[in-house]
Structure formats: C-alpha cells, structure tokens
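Engineer: Given next are the chains, with one letter for each unit.
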Amino acid sequence: MTVAEIFDTLDYGPAPEAANVADAWLEARDRQTQLFIGNEWRAPADGAYFDSINPGTGKPLARIAQATAADVDAAVVAARAAQPGWAKLGGAGRARHLYALARMVQKHARLFVVLESIDNGKPIRETRDIDIPLVARHFYHHAGWAQLVETEFTDHEPVGVVGQIIPWNFPLLMLAWKVAPALAAGNTVVLKPAEFTSLTAVLFADLCLDAGLPPGVVNIVTGDGRVGEAIVGHDDIDKIAFTGSTEVGRLIREATAGSGKELTLELGGKSPFIVFDDADLDGAVEGVVDAIWFNQGQVCCAGSRLLMQESIADTLVAKLKARMQTLRIGDPLDKAIDIGAIVAPVQLEKIEQLVNQGAAEGASLWQPDWAKPAEGFFYPPTLLTNVGPASTVAQEEIFGPVLTAMPFRTPGDAIALANNTRYGLAASVWTENINLALDVAPALKCGVVWVNSTNMFDAAAGFGGYRESGFGREGGREGMYAYLRPRYHAKLEAAEPAAPLPAPVPAGAASSGGIDRTPKMYIGGKQARPDSGYSRPVLGANGELLGEVGDGNRKDIREAVEAARKAEAWSKATAHNRAQVIYYIAENLDARGHEFRDRLARMPGVSKRTAGREVDAAVQRLFTYAAWADKYDGRVHATPVRNVTVAMNEPLGVMGVICPDEAPLLGFVSLVAPALAMGNRVVAVPSATNPLAATDLYQVFDTSDVPGGSVNIVTGDGDALAKVLAEHNEVDAVWYFGASGSAMVEKASSGNMKQTWVSDGRRRDWHDRLQAEGEEYLRKCTQIKNIWVPYGE
Amino acid sequence: MSTHNVTPMPGAKAPAPMHLARNPGTALELDWLRDLRVNRSAVERRAATIPTRRTVKKEWQAAWLLKAITTIDLTTLAGDDTPAKVQRLCAKARQPVRPDVLAALGMADRPFHVGAVCVYHAMLETALRALEGSGILVAAVSAGFPAGLSPLKQRIAEVEESVAAGATEIDIVITRAHVLTGNWQALYDEVSAFREACGDAHLKSIIATGDLAILRNVAKASMVCMMAGSDFIKTSTGKEATNATLPVSLVMLRCIRDYLEATGHRVGFKAAGGISTAKAALNYLSLMKEELGTDWMQPALFRIGASSLLADVERQLEHHVTGAYSAYNRHPVA
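Protein chains in written order, with my numbering: chain R, 1 to 793; chain U, 1001 to 1334.
I should point out that these hints are in silico values taken from the structure, not numbers from a laboratory. Any given hint could be a false lead.
Stated by the list, open to error - Chain R regions said to be covered by chain U (calculated; three or more residues, Cβ under 8 Å):
(1) 277-288
(2) 654-662
(3) 787-793
No residue lacks a Cβ here, since even glycine has one placed at the ideal position from N, Cα and C.
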C-alpha cells in the first residue's frame, strides 16, 4: 500500500517484532533442547524428543527433550545433593543469586519476550509489558525475602527438594512464581515446564549457568505428563507445587496422599466479573477486555462470567459488542494486536466444542464480523448471552476468549451467582460505591478480588484460590510459607498405633446403677441421639468401663455439617465477640477444672498429676486463642500501582477436626480453639479411645454463649468419621491428628479439593507450646484473600 | 480485519471536508449528568495501553503523520504576536511539509495543509488575508480567553466581533466556576449564548480540563457543552498547568460517543497543549480510531492545537523518506 492510499483509509498496518535473535538462539542449539540437570545439559536417557510448535504459524520451532523417569531421578539426586549447601549459604548469599537472576532476566528481556511469544502464541505486547516485567519483579522481590528469611521466619527451615510443575499459559512467569520463593527459602527445585512451552525455561536454565547458580539448585526436566507423574511419585521429593487444571490437581492430590509431601495447588477457575449499575461502564468494558481477552482467555483467573445488573445489562452488552469489533487478532509478534494464537489445536478444539455445546443449549453466540487469520491456531473473541447458571458454558472452565454474560437483580443475587461454582480463584467487582464494593468483596468465595480492575498481579501480593481452585498462595509473605516448614516438624516422633476399639453395644447395655450420663452427639448446640442407636463403651486405664458414648455414623456427620453450615453467624461475628466467647469457655472450664481433672485421671496413660497439668494447659490454650482472635490481622501489601491491596485472613468455613488420642482434652482444645477463634465452624471428632473429656465440654459450651452449630461433636470411630468428613463436599477443610488415617484423609479430600492438615502418623507434644499452639495453627485454618482497591478521583 | 465506523467517510480522494453537519444541541438534560460515572484508575489504565496496544510503522506511520498534520490547528496565542509573526505562521500552514518530502511520499498532487490557524481576535485580519484561497480555516480564541472571567455581555460581543471579522471557528472558554460549583444551568446558558453569537461559525468549547480537578467534572462539562450546541469540545487553552492528556481526552471521547448515541449528533474533539512530538500525535490518532472510529481521525471531527508539533513531524517524515535522522534546521520554521 502507498502512503497516499493509507492516508485515505487510515488503516493499521503490520508492525512485526523481528524474531531473528530468538531464531539465532534456537539455531545455535540446532533447534533441539536438552535437559538441565546439575548445571549440565544432558540428552534424555532414551534419546526421545518431541516438536514444539509455533501456534502463530502452526510450524515446528524446535525439538524438546522428553525426560524419562531415570532423568527425573537424576535431577532429584542433583537437587538433593545441592540442597544442604544451598540452605547453608544463608539468606544473604541466596539473595545475591536471586538478585543476579532478576538482573539477568532484565538484561535478556527482549529475547525472553520474543521467545515466549513465538512458543506460546501470546501477543508480544503482553510478554513485553506484562509477563517478563513481572518475572523480573518476582525475582527482585524474592531476593528480598531471601535476605530477610532468617529473621522474618524464625523457627522455620526450607522444605527440601521441591518438584514443580507449571502450565503453558504463562510459561516463564509461572516458572518465576515457583522458582523464586523456593530458592529464597533455601529449597532446590526440579521443574517441569509445560510440554507446549519449554523454550523460555531452557533459556532461563542457560542463563542460570551464566549467573553462576550452584549446580543442582535448579534442574529443568522437559517432557509430557509422564515426567510430571515421575516427579509427583518420586520418593525423595519433599513438596509438590503445581499450577494447572483442577483435573490434574486432583490426581496429584490423590497420588501424593499419605506420602508426607507438602502440596500447593493453583488450579482452574470460572471467575465472576460483576458490574453494578453505578459502575463506569466504559471502564468496565475495558476491564472485560483485560479479563477475558488477555492471553486469549487462557488465564486461570480470567473473568469469564460477566454478571450484569439487570438495569444496565443491555447497555453494557451493546458497548461490549462495539468494543469487540475493534479488537485486533493476528500474528502474535505484531505489536499492534490484542489477541494472539491459542496454544495448540487440542485447546482450540476444546474451546470450539464447549462453545458449540453452549449454543446448542440455547446460548446466543456473538462474534465480531471480521475474519481471523487463516494460518495458525486462532479463535475470535466470543460473547455468549442467554446463559443461565445451569448452562454448561457458565460452569465449565473454557480457557479461551469466550465470555458468558448473565443479568442479576441485587447485590445478594450477584454474590449468590458469583459463588455458584466449584471454583474460587478470583473476581472483579465494578461499582463507584465503595460501600458496595467493600461489602461484596468479603462475601465472594475466592482468593483475589479486584475492585474496578482486573488481572492485576504483583510479587508482593499472594495469589491463589479457594475451593477447587486449589490452596496455597504465591507471592508475598503468605507465599513464602509455602516453601518453609517449622523446624520442629522434622523432630516429631511416630505416633503409637491406635488401640483397637471395643465393639459398639446397644445403648444403655453397660449402664451401672447410678444416674446414666451417656453423652449424645453435640449438634447445633443440642444433644442429639446417635443415628445408629448404638453406643460405644469407653474403658479406663485398667480396662474398667468409664462410661459410654454414642457411636456416630455418616448421618450424624451429615447432621453436624448441616448445623455447622447454618451457623454462618459465627464466621461473621466480630473478632472481639469470638474472643469473649472463647474466654468464657476458658472461664467455665477452669471453674469445673476438678471434674475434668478427675475424668482425665481415670483415662489410660494419664496420672493425677498430668491430668491437672492438662486441664491448666487447656485453659491457657483457650486464653491464647481468645487473645489471638482479634490480633491475627491481615496486611496491606505494597504493590506498585495506586491502590490498597488488602490481604484479609478469612476462615476456611466448615472444618472437620479429628482429634488425637494423646492428651484427650488438651489435644481437642488445641485444635478446636484456633479454628473457632478464626471464625470457622467446627465438626470435631474426639479421640475414639478417650472421648469423655470432649463430651464433658458440652455443658461448658452450653454455659459459655457458644452459638449453636459453631462447634459440633460427633463421637465414634475416628477414622471412619474422618473419611465421611473428608469426602463431604460441604466441608472446606479437614485436620486429621489420628494415628493412621492421614493417607486416607488426604486421598478422600480430593472430591472438592478441600484443604487438609494431617499428622502423617506423627505425635505431637501438646504441652510444648512451640509445636502445639501459635500462628501455624491460625495459618492452617484461614485463607488469605487479596483485595485490590485502586483509588483516585 | 475492519474497524467499526459510525458512518463511512465520503469521497476518499477529495480532501476531507472541514465541516460536517452541525450539532444543534439539546435541552439541558440533568439526568444524563447524574448517570455519568468515571473511574479514574480504569481511565488511566485504558489510556496507558493505547500507546502499547497500537502502533503504526513504515508507510502507515508516514501516512498517519501526514494525516496528523491536516488536523493541526496551527496556533499562536502569545502576548508578543505581531502581524509578521502571524504571516509567517500562515505561510507555514499553507505549506507545512517541504515539497520534496511531500513528493517523495507520493502526495505532491494533493492539496495539503494544516486544518486551521488559531489566533487572537487582533490577528484575525492578518491571518484571513494571509490564508485567502487556501481552504485553511481561521479560528479565533474568544470569550475572555484564557480565564473567561470578563463580563458575559463583553464575552458574547467578543464572539460576535470575531465572527463579523471573518473567523470561521470560535474557540471559547467556559467559566470554570460553573463546573466547580455544579451550576450546570449557568454553564449551559453561557455556552448556548456563545453558540448563538457564532452564527455560521463553528463553536469549539474549551473546558480547560486542567482547572476542573477531577475527571467527573471533565465529563459533566463536556456533556453540558455538547447539549448547548458546541461543534467541538476542546481540552485546554494551553495556559493551564496541565493541558491535554490521554486520560482526559479518553473521558471526553466517551462523552462524545454517549452524546452521539443519545442524540445522533456528531461532535468533534480538539486536544490542545502539550502535544509536541510525532509519537504523541500518533497516540492521539490511535485513541480517536479506537474510541470513535476513523471518521474522528479527520479534521472535520479532530484537531490538535499545537505550535511546535509540526517541526517534529516534519523530521520524522524526512527520516521516513531518506532513512537518515533529520534535523530541525532542515525544515522551514513557522
């Protein structure tokens, strides 16, 4: 076209970034990449390679090494060998390395930017302005955490060797999110990039060599899902960190159950984008562009469900369609396009299939009238209206540039629709009314809320989900905890196997003359007969009958969970109010201390002296958590935009707590009190062998203003009840401190990906405050929601 | 790939018409003001990504820069303006790009000049004479420019005098106090009076965004000025502490779009002050194209009020032609 012609049409022209340097980098490797193990480039054990395709052209870019289980093993060996030295180097020493990595990313920014774009298909604007700057930022931020880790995380140590498996949607950024905190904390890593997008990880490894990182600290093993399986199943890996689909996350949860491996998962989402009638609608439209047409919608936290207040729905949809017309799709290396290529044909097919299904179910489909490129894997921006919560496209994660839109009536309606999903990753809330925004944000079940904004990320703010979007946070102080553990963990001894339980008997069969005191279940603030109609004998130190408790079954758990679900008021009560109730429990327990002392003293393994100590410690522990109730504050993170990023600690919701056999009163109190203090509602299962100390608490609770349903107690076979709780989809978390059911609980938890905290068959000293109380417990029964609130009039 | 235009522009080869159907205005619709919402952070984010999401290179860049020149209101508004200074400016307005550069760009056979020359009333006569037969419009700043605080009667008279002297466009300033105190009726009445005084001359209302403190005021002032019949809304006098920026421009463009949707009337936009580089001009053209479509990249609906911008654009055009970076002294000054 001539200048004069363009002067008349005023069209956009091509504005391609050159790929010559990236091409030269690939050519220098004969377009074939190797495995990076112990700072050496190794060919895969069986010599297999696979193609990496440029999604913008559909043509192969390079051959990528397919690691074998033996290669993974070699990488783990290298990482294990390196770990003690890396930890010993100290925070300051590691900080210098992380700083060097940050500088290195900046020095080679353009090569990363181009390579990422041609490998993934995302627009170069995004790799240039978002992905790679965030990568550098992440290493800088964590150079800082390395420097501070010893003073800011006292009594913690690195987890050890970490296996990390990352997705293809933000290849280098996800590497940074995984590698930076792991290294800062003193871990060494074996990382598997996604099969579609290995190249920037290979470049990163290349530059780790240049930057002088010690051998074995970072190991990169490329390949398909088999490599991931080998990492997940490897015995000498201490922690798995995974970002990817909920489907694979669930398999990893099941595969690692009982292995003792720590686990953090960042999974899928179906995030709501809520627009109220008083929002800046043009601003919201641009928000939608950044929410669902960022990275072709291949973003776990993409705002893919547009919820519009009914009164402005038509206006908003009209504005949105006009905006969609001006989006530009095309060559990812073109600096003036908005939407690049879908990463692979298989993803493209999945998007097409889901959109077709949506249309078949009655959704109205709208796409701009312009054509998409003929070559490469492209999908146009798509709007689906006439969609209800029951539509497949409103529930399933599409992972493409597809937006579903539905109206709502009231704020309550918006919250209900927003939370009507198995996921809980992120949400956007658009309103000019700060009262409304700050009312809605805490009510949304998700890990990140963006007010009048969307898809904002920073190393200083934690990112991660609720519900089936996973657990653990990446970024900020909260993210560092994912790569550290308390030092005492390694010193815990194996628990004694639980004594076989006496068989249940018909209720009352063992009554002994006096007035019968057989406790029932404690559900919704009332005593309820066990559904089974059976009781269990409770035996004393010498095998004598101490009493009976109800033999709980799955229906008792169902009732207890139902009561806990309804007791939402406890979660909404003020921290001061919760503190008062817990102080009151302590006061009443103390007043009846002698009864509990006598009760405990008759139990196996408890002497009169230790019984007294246990009661005193239990009262103290209640005081501790009453004290914490209004002091476990959130934070305001220093993120680099004009906003307040509030990190709020929120309760997990309904928790199942299976208490230990040792210290029957103190163990119970040590677990239930922090959960209550943070606003959780609890279904507790006391020690099966020594349940009476817990059941004696019914009357203490009854006289302490404990709202019905906030704490519920079901007695019976601990492991059987634990399984019901772990499988229950209304339960948000399970703590298991029995002797032998940890693996079962972790495995059964995968149904709704509830959080678990298990004993791994180890015994705690419940009298040792270092291991039996404190912030670790509070962290484990809360989750952090980061709320971004930009301001400025 | 095509872009979304409100209506297609007529006749490509002919020079773009300088004036379209006028905005007759509406009654003062206070409801429209009540419903206006502007979120500053969201506006800034969008504005910040205009230059990063869009760029034009090579022939496209040259063509867009040429187009930018045709939208310039070449301006001199200084206390030391003299007829000679204005004559020089007008000569530059007639031939804004060196003929050899224009020829190398394949534009030699086209009438090519800036959009208008913008001066104080006292310089109108000189400008009109200097530009006779050129097709270049002459605009006068008026109504107590730049502060707009002289008596209303005199401000109206000033408009009438400039129109009588032959100005085809009148750039008025509004009383910022009406905006800051929320006296929309007074603002509407004032601008309506100016519109009436303009007769056939086109009314360009300067809302002086830098004085209005917050973006919601920018939006409301824009709306009232359009309701009162402004043919253009304009950011700044060039004398405020902050002049045209992409965020305030974005807010005003969205108001133009809303007004168009509500009334069917097209209103132009003029960014004035602080636009001095070719890159900045291209960003404004991208903003116009993205928010309002290609029609709003033409001088009938878009102007850049500038004095030093042209020199940078000329250098970039010569660079495009020769491949070597240019220098200011290679291009005639205004």
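Engineer: Counting residues of the segment 277-288 of chain R whose CB is closer than 8 Å to a CB in chain U, do you get three or more?
Structural biologist: holds (count 9)
Engineer: Counting residues of the segment 787-793 of chain R with a beta carbon closer than 8 Å to any beta carbon of chain U, are there 3 or more?
Structural biologist: holds (count 4)
Engineer: Go check the segment 654-662 of chain R versus chain U for me, would you? Three or more residues, Cβ under 8 Å, otherwise it fails.
Structural biologist: Three-residue rule not met by the segment 654-662 of chain R, so violated; n is 0.
Hint compliance for this structure: hint 2 is the single one not met.
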